[in-house]
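K.L.:
As given, the protein sequences belong to chains Y and R, one line each in that order. In this text, residue positions in the first sequence follow our numbering: the first is 1, and each later residue adds one. In this text, residue positions in the second sequence follow our numbering: the first is 1001, and each later residue adds one.
Please note that the accuracy of each hint is not assured.
[Claimed, not checked] Derived CB-CB ranges, DEER-like:
1) S265(Y) / E1300(R): 28 to 36 Å
2) P294(Y) / A1205(R): 58 to 66 Å
3) E279(Y) / P1023(R): 49 to 57 Å
4) K35(Y) / L1238(R): 55 to 63 Å
5) S265(Y) / T1164(R): 44 to 52 Å
[To be verified] These stretches of chain R come out as covered by chain Y in the derived footprint (C-beta under 8 Å, 3 or more residues):
6) 1102-1116
7) 1137-1151
8) 1158-1171
[Claimed, not checked] Going by beta-carbon spacing under 8 Å, a handful of chain Y positions derived as facing chain R:
9) Q16
10) S50
11) A51
12) V68
13) A70
14) L88
15) M91
16) N96
17) W101
18) R102
19) M104
20) L109
21) S302
None of these hints come from the bench; they were simulated from the model. From the three backbone atoms N, C-alpha and C, an ideal C-beta is built for every residue, glycine too.
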Amino acid sequence: MRQLKYREAIDEATRQAMAKDERIIVLGVGVDDAKGIFGTTRGAFERFGSARVFDTPLSEAALTGMCVGAGLRGLHPLLVHARNDFLLLTMDQIVNNAAKWRYMCGGKLRVPVTIRAIIGRGWGQAAQHSQSLQALFAHVPGLSVIMPATPADAKGLLMTALSTDGPVICLEHRWLYEKSGPVPEEPYQIPLGQAGLLREGSDVTIVAVSHMVLEAVQAAEALAADGIQAEIVDVRSLRPLDSATIVRSVAKTGRLVIADTGWKSFGVSAEIAARVGEELFGRLRAPIRRVALPEAPTPGSSALEQVYYPGPREIAAAARLCLEAAHPAALPERPAPARPRDFHGPF
Amino acid sequence: MRRIRRAEEMIVERYPEEEIRCPTHLSIGQEAVAAGVCLALRPGDTAVSTHRCHAHYLAKGGDLRAMFAELYGRATGCCGGKGGSMHLTAPEVGMLGASAIVAGSIPLAVGCALAATLTGSDEVAVAFFGDAAAEQGVTHESLGLAALRRLPVLFVCENNLYATHSPLRARQVSEDIAPRAAAYRMPGVIVDGTDAVAVYRAARAAVARARKGGGPTLIEAKTYRWREHVGPNFDIALGYRSQAELSRWMERDPLEGVARRLLQAGVMEAAHRERIDAAVEAEVAQAVAFAKASPFPSAEQLCADVE
Ligand SMILES: Cc1ncc(C[n+]2csc(CCOP(=O)(O)OP(=O)(O)O)c2C)c(N)n1
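Working from the sequences, and respecting the hints, build out all of it.
P.N.:
Here's what the structure looks like:
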């Protein structure tokens, strides 16, 4: 199949969705400039022009509310933010309005709004430009939250979001944009709330989110060299969350490692662990292990970034810990898989 | 106006029964703003509002029975019992809802206007809000956005001088809000918010301008709420405003003002007014009876309409 980069898949999804549905408009700071949000919106601007793809003032809160209002009146706005951190300025509109308008009016109105936002990382992005805020949004009934990790998922999930009548937040990890993968040419949709089974294995389940999926694949390869077969579940959609696929996998392996790009406390990994605990109490063969960010804001220094972000090494180590609980000292010492080093910025 | 007044007086009467189990923010004293603005609108025009939304809902054409049913938390309410008094919604007449977050709904009107321009409709959108909303950042962002794109929006500020118990002078350096429109190069108009005719004229001009592509207008209506911020009572005993001030404003009763003019101009006779009052009385009584006789939403409704 044809290979596309993740950012090209998003661009294609946007164009194809817009061609099919004239209610879709794209707006946000810089969506029509030469860079077009890392190459994800410029194509739509060139194809559909400034009536449907336009730059905006730096008024994030009003823009979000404006999209809610426009959604109530029959448009489907796609609001794009270069950083998910800026969504904090719009939490009122997202949580109090977008997520609840339908419920508050007894189902009479719907809010078809898609919000894309990017998680930065590395290159000294520091505390306010690299946060992984999915847990904040996934906490709220009424919102859908997706985090595609592959180009094919990015296209399919975004096309679903753009055809959904409710608010969807799509969080994209910056490091995924240049990654390539097979992407069908024709329009297609991937349902919200359906996890992907990326790799089958019998010894341990790794449930991973966004960029952690790629790191989990590296970890699984390293584990395989030791004869440990890891199964990888890519959650893809945090709300709705596909508990069934996760539980099925963990019921098979008896062991679970959760790898999230956000913080551990009160986060996505806590939720997944709780659900598995509720369903599989007594059938787990080892304590659940979580790989997530340390409890600190992102440091700016690259030396500190190195220790801040967990990667394949930490995931593999967590998996080994799960297995040692069953067979202590059965595993030989092996060098840890390297941290990924293929991103060189700048942002 | 009579419907709004009488409906809210009915809330005053019924509230002690504790069957209306939601906060109610009454607009008694402020009716001329809702009535004057909505009279200048067409049914297809849209409006959004705030915690104090009864008058806007009714003036826009919302169903009275569905409003009372909503206040009583019934399944027949305009929001199926999900919204309560602060989220009154009637999409069929362009009342698109209300936010209980001060200033929260203002950008939604901008979005309605954006949708209108992009779909080639000549609809106008209205955001009703209080004076405290002028203190919120999103209000200024909304003014800026609407001005930049010349969107057909009326920003209607009901300046009733207080936010809860805080007087305007404790919150803002200027007693007027309309001049802020100048910074966004849009007209900022001050009107007497107790005079429905004056409000109607200002709104009509702003609507005409907006429909022709002339962009948004900020209308500041100077008005006053007679009752407490939330609830049915008078609250002069709290001491944050004086009886003398309240009395002065009550002398400017917006209903009496219109009635006097209509009587003097010979447009309305006393008997006609009595007929209006009697019809409204019956309608409000029926709405309450309808609400009380309506079923509560079933438990299955709890998680319906989430996503
Ligand atoms: C963002 C926000 N802050 C505080 C409140 C609590 N609150 C509810 S109504 C109100 C006063 C609002 O005053 P104003 O906007 O002038 O409207 P009025 O009640 O006078 O009609 C306050 C402070 C709120 N609902 N939202």
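K.L.:
Each hint: holds or not?
P.N.:
Here is what the structure says about each hint:
1. S265(Y) / E1300(R): 28 to 36 Å: holds, 35 Å
2. P294(Y) / A1205(R): 58 to 66 Å: holds, 60 Å
3. E279(Y) / P1023(R): 49 to 57 Å: Given range 49 to 57 Å: violated, Cβ gap about 41 Å.
4. K35(Y) / L1238(R): 55 to 63 Å: With a Cβ separation near 57 Å, K35(Y) and L1238(R) satisfy 55 to 63 Å, so the hint holds.
5. S265(Y) / T1164(R): 44 to 52 Å: violated, 35 Å
6. 1102-1116: holds (count 13)
7. 1137-1151: holds (count 7)
8. 1158-1171: violated (count 0)
9. Q16: violated, 20 Å
10. S50: Result: violated, 11 Å to nearest chain R Cβ.
11. A51: Given a least distance of 7 Å, the restraint on A51(Y) holds.
12. V68: The hint holds - V68(Y) has a Cβ within 8 Å of chain R, the shortest such distance being about 5 Å.
13. A70: holds, 4 Å
14. L88: Where the cut-off is 8 Å and the nearest Cβ of chain R is about 13 Å from L88(Y), the hint is violated.
15. M91: violated, 11 Å
16. N96: At 5 Å from the nearest chain R Cβ, N96(Y) passes the 8 Å test, so the hint holds.
17. W101: holds, 6 Å
18. R102: holds, 5 Å
19. M104: Given a least distance of 4 Å, the restraint on M104(Y) holds.
20. L109: holds, 6 Å
21. S302: violated, 35 Å
Comparing the model with each earlier hint shows violations of hints 3, 5, 8, 9, 10, 14, 15 and 21; every other hint is respected.
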